[in-house]
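Assembling the complex is the task here: the two chains are given apart, and the hints tell you how they should meet.
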Amino acid sequence: MSGTYLGLPSFPKAAHDSTRDTQLRANLTHATHTIRTKRATAINELTDWPQLRAAGAAIKDHTLHHLDHYLLQLEAAVTAAGGTVHWALDANEANTIATQIIKNTGETEVVKIKSMTTQETGLNHALETAGIHAYETDLAELIVQLANDKPSHILVPAIHKNRTEIRDIFTTHMTHWGRPAPDNLTDNPTDLAEAARLHLREKFLNTKIGISGANFMIAETGTMVILESEGNGRMCLTLPDTLITIAGIEKIIPTYQDLEVFLQTLPRSSTAERMNPYTSLWTGTTPHDGPHTFHLILLDNGRTDTLADTTGQQALRCIRCSACLNVCPVYERAGGHAYGSPYPGPIGAILTPQLRGTTTPLDTSLPYASTLCGACYDVCPVAINIPQVLVHLRERITQGGPTTTHGTRTTIQPAKGHRLERTTMRATRWTLNHPTALQHAHNLATHTRHLHPQHLPGPAHHWTDTRNLPPLPPHTFRHWWQHHHQTPPTTNTGKGTDTRSETATDTGTDTGTAGTDTGTGTGTGTNTQTDGGPQQ
Amino acid sequence: MTTNTSRDEILRRIRQALGTPTPTTPPDPTTIPRNYLTTHAHRTPQQTTNLLADNLTDYRATVHRTTETHLPHTIANLLTHHGTQRAITPPGLPPHWLTHITTPLTTTTTDTHPDPHTLDTIDTVITHSALAIAETGTIILDASPDQGHRAITLIPDHHICIITPDHIVESLPQALPRLNPTRPQTWISGPSATSDIELTRIEGVHGPRTLDVIIVTAEPSTAPAETVSDEPSA
Ligand code: SF4
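These protein sequence lines map, in sequence, to chains A and B. With our numbering applied, the first sequence corresponds to residues 1 to 536, in that order. With our numbering applied, the second sequence corresponds to residues 537 to 770, in that order.
These aren't lab readings, by the way, just hints derived from the structure by calculation. Ideal Cβ positions, reconstructed from N, Cα and C, are used throughout, including at glycine. Don't take every hint at face value.
[As the list claims (entries may be wrong)] Derived list of chain B stretches under chain A, where covered just means 3 residues or more per stretch with a C-beta under 8 Å from a C-beta of chain A:
hint: 1; region: 623-637
hint: 2; region: 641-653
hint: 3; region: 666-675
hint: 4; region: 682-691
hint: 5; region: 700-706
hint: 6; region: 726-733
This is chain B alone, in the form it adopts within the complex (with noise of 0.2 Å):
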């Protein structure tokens, strides 16, 4: 297994290439150049709710807006639509986002661990998420109770996951001083794709392969026709 000699020696080597022949004194990384943007544009808040929109639809999400009172109704027809024989909820989602739901639903807990073949089982998961990314159109989970463990928004076949208005900043920049890098993220944009066969984009080959986003509004939906999406590069 692993012999101390092995990372002594590497380390020597790593000295003797830099001319260090110590251990170098603690680096000083304020001198890396980071003159870089923090947001690519100047967006109104409804802007870069398009933004994420049109994002999350160009990589063949289906986005779907609602406002907080209409959602358990949106979520419940969606599972209608979608067939859901059985769906599977993580503990901390807000119980009154599924009042309307009729269909057989079992929710994880948090001291076990899900059975992936029990998964294997059931058609969808509905989440919160911890964040999303207008620019790129990343939705962020990190295992948080309303988002539970990573395998359950892995192995069915559908994903409903909910982003609130709160939870959605412009970029990437913005989005990782809000996270917590120790808990494990699963940052997705759009559904599982491959280009291996002639580059031909076909989607899901191992994840959810239809993934369903709401985006809670304060107002009612925004009719298409005021949906002015930006460019990234604006």
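Chain A extracted, bound-state conformation (with noise of 0.2 Å):
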């Protein structure tokens, strides 16, 4: 991915600044709440949201093994519509080649709609290398931009700032990018917001040159599809002459009739709305209307080696709504940040390692970003068992093994820092597979109970710094229960406790079941748990 993010602290040490941001902490907990409420009623209204889950689930995993099938129907479609496709491997190639239609413009500065692909690939860095202005026109990226900042959360990228401190951005710093902002402006997100569109209009109307994510393309037809709230996507998309769209070739869906799923359940999981402000659909080029140019940019930079792994590949379907986000305890302390990617909370924690590699300390960390909770999955309208995936990633890290790394197979070492962890691990497999080994080491631990330590030694002390250690009960449970019935205990091992993480592949069957406890849920439990937030 891109170098933009590379030589991030890892998760630990920037979740340990994070969390201690409290205006962060406030908003994030805010909206993360907000948004989780209404989406619980968005879904309600549907009866049938398991039956989508499972058909978008369905659609995703059928693309993506005929995934080359696809593509190249994409490819004749949008061709025969007056578009011309590009193939990039990496994010350098994709800026390479976006950077190269501009020059051959002869244009220097571009209008950008909100687009996760683009962050990926560092595109605003590369084009301003090459001499080329990149307009973020959606507010929350306006306002992130001209603080010179990263974006923190998927749906509302400047989350973490309030409005007097958006009103400090604006007035600081609009003036070095194009028209000022008004004399005196009140940090009234009325205010705020019309100070931007006086501001970004100049652009739009300027502006030769549109760049665009896709939220969806259609195979059959060559057709984009893009979701949008404030119609800042609907300027970029229609007002330029050329238009440019970079996107991952996850994005693809076979048929223009997949839509009525999407459209369904996309906005309803990401902003709790029965559908978002503005939608826009084309196909190629159309006589006098809207640019008469377009480039589609088709991007890999490591979704091939995803789809390699057939645990992780589930990781595509993701149409991201960010509803994992807003459901996620860690997420909502840490907040979007400290993922170092432009992918935050469970979907970027199982992403990001797959995209990047293992290589690096802070993506080796990702897969510990979470609680294995659950509520991810359930909330998932494309229902990837994010920690699924996310145990497969600690155990590919920590043991190594066969993976794919730019189109090669290979196999990866244990990640350093992590053998430590393996040792316990194995030490701990190997006792767990062997009942009268762990029965004596628990019958040990507790006839040794007053002799236990208050604090850990060794790096573990970090964790018994700050909390006592919880006392060992004076029996096993073994004990007890032997003591109270006439029966030991059967080893039930298994059923009953999590099956989230037990279902190891995601069939339509699978998800549908599971769906059912997000969408027709009306006790409070099933709803508090489940039911979380919202895009492109």
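Here is the structure:
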């Protein structure tokens, strides 16, 4: 992925700092809880939510399993409709192609609609290096860009800024980029939005090149689909002469009919609305309406490597709704920046290390940025079993094993710094597999409880510096059971505890069942657990 | 620019990942389960129209009901009420809808791009719509001659959009078969909105800030007491 994010601290370090930012935590809590609650209502309106969720997962899986076919079909359809299709193996190639297209027009400014894919490739930076200035036009992205900051949430990227901070950013920075903020700008959100409207309209009316991502690409017709709220997307997609769309190869869906599933599930999961204010569909170019030149850049950048991992590939189903962020207790406290990637939260924790590989301390720490509570799986509208992939990636990090990197099958070694954990895991696994040893270990532990220290030795002392170790009970559970019952307990492994992480394969049937929890639950238990918030 | 090498390499990597060294046989999408609903309730056409109106209102569009006969009055009144100095229409809008208008009116043509700077000086755009979806409160424009270029419904600050009875469907699955995907489509659910500043909803950062929807009904408009709304999940 992009060079922009390299050199960032690992998740625990970044989270250590961000959890002390009380403003960020307060804003995030407010945002995630607001969206979570609204989402419950929006989803309960659809009695067939489990079926829609299963269909969404099945469409995406079907597409991934025939990705070569659908990409070629898409390429043919876009070309027939007057567009040009480019293929980019990695971020650099995508940026180079885009830069070259812009240079050929002689322009030096572009307007952009919010796109996580171009954040992934670090496009703005690459363009800047080539002397091309890219204006972000989504209000939140504008705030983030003017502040020279990074987005912290997929849907509400400036959630970490409050209104006064935004007013100060506008007053100080707008003038360097174009139309200045009005004099005496207040921190009233309506006034702030008006300032942004005037500042950006000047850009929309004069800029000849637009850059976008895509929510969906329809293979049969070559149609691109973008969902948005503000109308800045429509501006970027229709006013410029040239439109460049950069999209990951996983954004494809086979047919126009498939939209009936995703246009029902995405807005409701994302912003908790029945439908987002604006959705744009375009196919190649249309004479006298919209851009007369259209370029589509199809991006791999680690996606085919992800596809090669049969457990991890389900991350490619993601439709970027951000519902999993809004229910995640870790995200709520740590914030988006801690994930060091455009993809934060639970989806970021499984997507980023797969796209980038697990070579840096940050990327090896991401699969641990979770409590494995399973709330993310429950809300996901395409039923991605995030906890399952997290556990799978942890295993890869601690044990190494076969993987695919840059299209080459290879075997990786356990990641540095995870060897101790690996040894512990092995010992634990051995003990768990030998019931007698386990029983002895338990007995030993309970009988020596008065000798247990209050603080852990070694690196684990950090944990016990601020917490008390829970005391062990005087007897083991087995002992207690034997004492109270005549028959010894049968060892019941599996069923009942956490079915989420057990579901090995997400077939349509599985996801349908899982979806029932999310959609039809009316009891408070289900709702508070599963109802999380929403984009592109 | 595009190198065939990258194209070939991406396709190779996909086929290696899938374990299918040669191109896959044409897939069979009929295996995808589609047992979701095509509509979420049984409704009379009247109930469907009411639901559409409710959902549009919920997204802060202003809904007006009128009959075909009164439509020209309704349009003219809305222009006056909004204080419109200049209005614009696409070339295919039925001329008799505009007979009561006194405001200066520009009509676009289909064979040229409208100039965005000129559009920026226009207050109101008046268009028909291709379709409206009741369950989501969505209006769809498909750039047909009675709706015009995408830019004309984007730059002016006020959009008057007319929905005729034959253009209302209940749900998304009912809408798609009636649309041509290769026409440029704009789906509108309420006016432009943002929640980026402390999650406060603000109408209109970029698109029209006022959306007046006129639903044309066969009968005189229903009295408010009879406008029973039904929930989409009923
Ligand atoms: S819930 Fe998370 S993983 Fe699932 S589609 Fe939404 S963003 Fe992607």
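Going down the list of hints, with the structure as the test:
With a cut-off of 8 Å between beta carbons, the region 623-637 of chain B has 0 residues touching chain A; three or more are needed, and the interface restraint is violated. Interface restraint, the region 641-653 of chain B with chain A: holds (6 residues with C-beta to C-beta distance below 8 Å; minimum three). For the region 666-675 of chain B, the stated coverage by chain A holds: 5 residues have a C-beta nearer than 8 Å to a C-beta of that chain, and at least 3 were required. With 4 residues carrying a beta carbon less than 8 Å from a beta carbon of chain A, the region 682-691 of chain B meets the three-residue requirement, and the given coverage holds.
For the region 700-706 of chain B, the assignment as covered by chain A is violated, since 0 residues bring a beta-carbon within under 8 Å of that chain's beta-carbons and 3 are needed. Check on the region 726-733 of chain B: 8 of its residues sit with their Cβ under 8 Å from a Cβ of chain A, so the three-residue criterion for coverage holds.
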